[in-house]
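Quick mapping for you: the protein sequence lines, in order, are chains A and B. Anchor point for the first sequence: position 152 equals 152 in this note's numbering, and the numbering is continuous, going up by one each time. For this note's numbering, add 245 to where a residue sits in the second sequence, where the first one is 1.
Since the hints were made in silico from the structure, they are not lab data. Where a beta carbon is used, it is the ideal one built from N, C-alpha and C, also for glycine. Check each hint, because a few of them may be wrong.
[Stated by the list, open to error] Only some residues are given here: those of chain A computed to face chain B with a beta carbon under 7 Å:
hint: 1; residue: 84
hint: 2; residue: 98
hint: 3; residue: 103
hint: 4; residue: 112
hint: 5; residue: 113
hint: 6; residue: 115
hint: 7; residue: 116
hint: 8; residue: 164
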Amino acid sequence: MEPEERTSTTARDRLVASNLVCGYGKRSVLHDVSLSVGVGEVVTILGHNGAGKTTVLKALFGLVDLDAGTVTHEGRDISRSSTSARVLGGISYTPATGSIFRDLTVRQNLELGAFTVRDPAVRAERLGQVHGLFPILGDRGNQVAGRLSGGQQRLLSIGLALMSGSELLLLDEPSLGIAPSLVQELFATIRELTRTAGISVVLVEQNVRAALPIADHVYYLRTGEILLSETGAEAAARDDWWELF
Amino acid sequence: MATRPPASPRDELTLPLLTASDVSPSLFLQLLVSGIVLGSTYALLGTSVSTIYSTTKVFHFAHAFVYTAAAYVALATASSLGLPLAVAIAAGLLVAVVLGVGIELVVYRPMRRSGADSLGIFLASLGLSIAGPNLIQIMFGPDGRGFPAGDPRLFTLGTATFTTWDVLTVVVSWALIGGVLAMRRSRWGLASIAVSANRELASAVGISPQRVHVYVFGVGSFLVGVAAVLFLLNQSATPNIGLQPVLLGFIATFLGGVGSQKGAPFAGLVLGMVVSLSGLWLAQTFQTAVIFGLLFVFLIVRPQGLFGKIAA
Chain A
1 MEPEERTSTT ARDRLVASNL VCGYGKRSVL HDVSLSVGVG EVVTILGHNG
51 AGKTTVLKAL FGLVDLDAGT VTHEGRDISR SSTSARVLGG ISYTPATGSI
101 FRDLTVRQNL ELGAFTVRDP AVRAERLGQV HGLFPILGDR GNQVAGRLSG
151 GQQRLLSIGL ALMSGSELLL LDEPSLGIAP SLVQELFATI RELTRTAGIS
201 VVLVEQNVRA ALPIADHVYY LRTGEILLSE TGAEAAARDD WWELF
Chain B
246 MATRPPASPR DELTLPLLTA SDVSPSLFLQ LLVSGIVLGS TYALLGTSVS
296 TIYSTTKVFH FAHAFVYTAA AYVALATASS LGLPLAVAIA AGLLVAVVLG
346 VGIELVVYRP MRRSGADSLG IFLASLGLSI AGPNLIQIMF GPDGRGFPAG
396 DPRLFTLGTA TFTTWDVLTV VVSWALIGGV LAMRRSRWGL ASIAVSANRE
446 LASAVGISPQ RVHVYVFGVG SFLVGVAAVL FLLNQSATPN IGLQPVLLGF
496 IATFLGGVGS QKGAPFAGLV LGMVVSLSGL WLAQTFQTAV IFGLLFVFLI
546 VRPQGLFGKI AA
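Given these sequences and hints, build the entire structure.
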């Protein structure tokens, strides 16, 4: 997507967050965070430890209550919606750790991903799609998920999100626990998903070098505020990012 | 339990451990059969408690009240109202489910909403487990009341004897345990495993933990109701019959390993066998000591239970 388009056309924005303020109890974490995610876009949030990256995802998903600000999804205000309502609306959240049910089989994990889907035919169709995207998950269907490799567990966690019919994946550190050689491959897979299926992704990453090449847009977060936003191409052209962290 | 040979030296408390050759084969067989019956009861109780505990992490001692209420409602329906036995049993089971789910909805859920910790919820549950049976005592009196189930047939297997009720207890218990294990593959069964394994992720895929709680309280209360009815076949009810079975359910749950659904029934069976077979060497009054001794050893040597995993 062309960077010029995003400022002019709001109709293509799948998710818009405006001036989010939130925290845990009395501890305020986000002070003023605004971002937007277009259809088929990968938006990457960068920042040092404790900048509030995970909290942004949790706020978008409704796991943290907002003190101020709004979240709009497909033109509807979902600022006060429950997480299960957001899942039904097509948003999914994949935490950095504990993103699969380790004691259950791969197949059972995927079935649980489609828990909100009542129609068995739709569930079967989704399962077919996920198996098509990640054949390894089909081959290992009866294996206990905790015994998969780190990379396979990540694919499973994304498969879980896709099973719910999600069109907006909130991914927290998908590169965590994966062999470095596989990280590029994983990000290429994520990019492919957005191109072919029109899925949007909000990505929180520590692994800047791997995450930038697939980003359409990058937000730099520092102590709960957006310091700067730029296109993925601009971000990738930088020599270093230290001034921003 | 088995009748033991009168005036045997092992009834005196100064017992040195007897060697295997001193053990009478007929006593062994009888204790084995009794152990299977007792173990089946414990297995059912363990499955009931672990179904609720592994998902909700509530020390649901009010389960004792549910057990007692199921027994008394079945009794009252059969003897006071004079309705058929099947109706009485159905009424007891219905009350068990309604009461168990009701306690979750009316007591635990509002407490959780207002931020009560697990100790607060446990104390409320303990309170119910005392107040409930007191209420039953006020309504029905403290005396034992028997079920008009009639006399069972007696079977003999070699030198061991058992009754129709024993057979019924074993068959019904394991049929239900098998049913619960099979239900783990159902939509709500999977959802309850999901909540117990990873609550946050379960919410993230759109499972409502509240609804899962209602489901597991319903299933667990039904099972404890069945255990209460089976108890009535052999023994008469008093207002305080509930506490021991629930304690045994918890012990089977912890011996089996929290989070392992197969653990509790297996541990329950083993516990029943060990308790019964300990009668070869120990007087029956030592049963409780054997149960808690086993729990004590496990908590020290293998705190995660037989099939449990150590939390990472």
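**Prompt:** Which of the stated hints cannot be reconciled with the structure, identified by number in ascending sequence?
**Reply:** none
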